[in-house]
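J.: Okay, here's what each chain looks like letter by letter:
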Amino acid sequence: MSLITPVIRPGTVARINPVAKMLAAILVALALLLSIDWVSAAVALALEAVLLPFAGLSARQFWLRTATLWVAAPLAALTTVLYGKDSGALLTRFGPITITDGSLDLGLAIGLRILAIGLPGIVLFATTDPTDLADGLGQVLRLPARFVLGGLAGLRLVGLFIEDWRFLALARRARGVGDSNPITRIARQGFSLLVLSVRRGSKLATAMEAKGFGSDRQRTWARASVFGVREWRFMALAVAIPAAAIVAAVLAGTWKFVLS
Amino acid sequence: MPSLRKGTTVHSTIAAPKTAVRRTYRWRVVDIVVASVIGVASGVIFWAWGLAWTPLSGLLAFAPGLGGLLAGGWLFAGVLGGLIIRKPGAAVYTEIIAAVVSMLIGTQWGFSTLIWGFVEGLGAELVFAAFLYANWRLGVALLAGAGAGVAVGILDTSFTDYAALDFGVKAVYFVSAVVSGVVIAGLLSWLAARGLARSGALSRFASGRTAAPRV
Amino acid sequence: MTAENETTGGARIIARGWGWRHASRRAPAVHGLDLRIEPGERVLLLGRSGAGKSTLIQALAGVLGGDEEGDATGELLIDGHAPQSARGEAGLVLQDPDSQVVLARVGDDVAFACENLGVPREEIWRRVPAALAEVGLDLPLDHPTAQLSGGQKQRLALAGVVAMRPRLLLLDEPTANLDPAGVVDVRDAVAGTLQRSGATLVVIEHRVSVWLDVVDRVIVLDPDGGLLADGRPREVLQTAGASLAAAGVWVPGFPPARPVRRPRVAGEPLLAASGLAVGRTEFGRRRPTVVSSGIDLELAAGESLAIVGENGAGKSTLALTLAGLLAPAGGSLEALPALARGLGSQPYRWRSRQLLTRAGMVFQDPEHQFLAGTVRAELEVGPRALGDGLGRADTVRVDELLERLHLDHLANANPFTLSGGEKRRLSVATALATRPQVLLLDEPTFGQDALTWQELVALLAELVDDGTALVSVTHDRDYVETIADRSLVLHGLSFEGRVIV
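Chains as they are written, first to last, in our numbering: chain A, 268 to 527; chain B, 3 to 217; chain C, -9 to 491.
One should not assume that every hint holds.
[Stated by the list, open to error] On the chain B side, residues computed to face chain C include the following (Cβ under 10 Å):
| # | residue |
| --- | --- |
| 1 | K172 |
| 2 | G197 |
| 3 | A203 |
[Stated by the list, open to error] Label-pair ranges, simulated between beta-carbon atoms:
| # | chain 1 | residue 1 | chain 2 | residue 2 | range |
| --- | --- | --- | --- | --- | --- |
| 4 | A | P411 | B | F64 | 21 to 29 Å |
| 5 | B | R139 | C | D206 | 53 to 61 Å |
| 6 | A | L518 | B | V121 | 25 to 33 Å |
| 7 | C | D468 | A | D483 | 45 to 53 Å |
| 8 | A | R455 | C | R224 | 48 to 56 Å |
| 9 | C | G363 | A | G362 | 44 to 52 Å |
| 10 | B | L134 | C | T63 | 43 to 51 Å |
Simulated from the structure, these hints should not be mistaken for laboratory data. Being a predicted model, the structure only gives us computed values, none of them experimental. The C-beta atom is built at its ideal place from N, Cα and C for all residues, glycine as well.
Using the sequences and the hints, build the whole thing.
T.: Next up, the structure:
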């Protein structure tokens, strides 16, 4: 199927409340964003690597979805090594490029950080059904139902987007303008898609209102979203990983708070 | 009073008194759904832009600060949402939805995309708020784009790998992010909103009634 | 709580001098409406386009929008209170199947309305299977809604409404975009629901014969305000039948005029398919999924071929393949010298520009094909793409098409703002602008009122008589009888391609 739909396999992690998964990913990201150093990133990454296989994502799906990360991390690391802030012993110099001990450390840190922050996010969301997430946001976090479900309805239209895109491409070929250069073609096609989608969104809004949505009446939820023991245990894990990473970094002396 | 139906619990709803003011700040369902649609569409574009970012920023690697010119590609959702919905919170909401979608599909920035999205949306939102949500002309759109650019400039130069670079580079990045915000997020969004209004897709919105009414 | 009497009774509708003006229009859509509908009555709402039928139905559903979107005059009451204050008391089913599906799973979508009404969870999951059974949708609760056909989606929308236990059922052209089997399914599901619940029904539909046995009252709206006719179906159709037919309604007994055809002269063969298999390539796959195979056909100039078959048999895919837009999944499709005119024999390999004068395709949804900001610019897209800019001959051709298809007064309007019939005519006109030798149409008469149908059929008959080859994918029996010389019946993967003369 497409990259946008989740792949739900009956694994342990799949049954955990999506809100817990979301909060876990936020926690990890926040903690790792506080410092740019390779120890915290490496520890977090190692711990995640142990846990991710239990997420229920097949190997093929995993590599396919995280492919961008595996390309981006080394590139970003390289950029930092070549152009990053320099400190420590100088290793080489080549015009504007300077490689020092410090920039090597930084490069490694950046690369590992990208992986440590990105992987859990992608994996956790690849195993989350959007409707379940909406249920969780509405029932557990008590966010306003109008926004949560309105957002979900708009999100659902994404699947239809892809079908529309192919049709639009065929229609352009039929009208004689399918040969023009890709950039203008994509821009114009993208705009047609936007128009069609807004029109469809307006009609969907009418249908939802006709079903009683959007009034001040107290609504019930057909699917219960539970935040129980399993979720709290998961949250404990989600706190433990960044905590371990930060502690390790502090102990190793490499912890550098970004805002200092 | 609605009569009791057998077997159901009936909650009687008291109609809220109609306000005399024509402009209302409460979000209708159509506002929420269309803002979400724009957010989702933008999110797909964000994801594609994120894919293209790696090679493109590699091209600009000879002058690292210029990477900021690419930042606008992630800023237009908020401005576009604000211009179309014209209600408080539209810019933030649309930008957050776009960030969530691009994250769901998979970007290298993982969850920080959401945080970035929120702050970028806030940058545009503050500009719209400064004009009391009453002025939606080109100038304001450009300023909102600039506001989002400022937001992303601050974020990127403090918390990402750019924080590890020299101050000079960071300054170049900041300025180019603002420029990118003005052009891509401000100008392009304004044009897109106008194109949408012309096609009649915005007939339920105030933004769709700029043209003279048809007989 | 089980096996209770599900009669909810009907709602009483009263309108006194009611009117509504959309904020973006100068003239009101409806004004001076006086109406009284008793509980349990079943009403068919008719009127020419622009008479305000959809506006009235949306107002009854309470979704017309508040002060932001327009002004109301007079009074409109359901059971004595305004429609907005009791949203969810009236169930609304609209025309477009795709724009009414809210959630990704069948059970969740049906439960959505109940959730909004504050129905307790156990009760919701009792109502959902009952509603699905009532509309004849025999699917598991976690079946993906994206995989439903048009008719199934409309029945899903109806199930969601039925689960609400509404006292008022409002249907706005619910069967317009459905094939004949889907039309009957939806109509029967509605009839069953009304029988069980005793709710009031107000339905808008072009095709009167579909609902004639279900309704007991017909109301005709007057675009100039008020009502044109109001009474029992037979009487109204007798007195106002002729004027309704003139306004485009499909009145039984007043069929649209059929064009006179000239005797057929065999032209040069243009396309030949032998053992052709058609299919689409899914996103991310390498090989196409074949939907129909073993197709043999020959098409010559001046011939009209109709492709018929059940849903999912691959008719649209075949049309797209013949038009050179999709690659054949197997077998061979050959463009003969009279069509290829110097190019290769594979239409799929031709460039987009080369297709313009050889094969024109009109999609089922006209909106997919709109590229420009005005109707005139839309017609000019084709000639411009042929290269060398826009010559005098091209401008003449565009003006000629505008006039022929009654679009001249709309030349500067944005294509998306046109009505359904006008959009359909425009999409046909854009394909004709470059005079293709073969014209392919996907469901050209879907959702068309009688007038548009008549004009379209007349235009196509003229084209065929002048030598264009015509291929139509259609469910419409009248259309096939009028226009088609031959029919090709597709049966999906177990293909029997009989060509019926």
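J.: Taking the CB of D468/C and the CB of D483/A, does the distance hold inside 45 to 53 Å?
T.: holds, 49 Å
J.: Do the beta carbons of P411/A and F64/B sit within 21 to 29 Å of each other?
T.: violated, 48 Å
J.: Mind checking the hinted window 48 to 56 Å against the Cβ distance between R455/A and R224/C?
T.: holds, 53 Å
J.: Is it true that L134/B and T63/C lie within 43 to 51 Å of each other by Cβ?
T.: At 32 Å between Cβs, range violated.
J.: Could you see if the CB distance from G363/C to G362/A stays within 44 to 52 Å?
T.: Between G363/C and G362/A, where Cβ atoms are some 50 Å apart, the hint holds.
J.: For the hint on G197/B, does the least C-beta distance to chain C fall short of 10 Å?
T.: Hint holds; G197/B Cβ to chain C Cβ min 8 Å, cut 10 Å.
J.: May I ask you to test the hint 53 to 61 Å on the CB atoms belonging to R139/B and D206/C?
T.: holds, 55 Å
J.: Holds or violated: K172/B as interface residue toward chain C, Cβ cutoff 10 Å?
T.: violated, 40 Å
J.: For the hint on A203/B, just tell me whether its beta-carbon gets within less than 10 Å of chain C.
T.: holds, 7 Å
J.: Using the C-beta atoms of L518/A and V121/B, is the stated range 25 to 33 Å upheld?
T.: Holds, at about 32 Å.
In the structure shown, a violation is registered for the earlier hints numbered 1, 4, 10, in ascending order.
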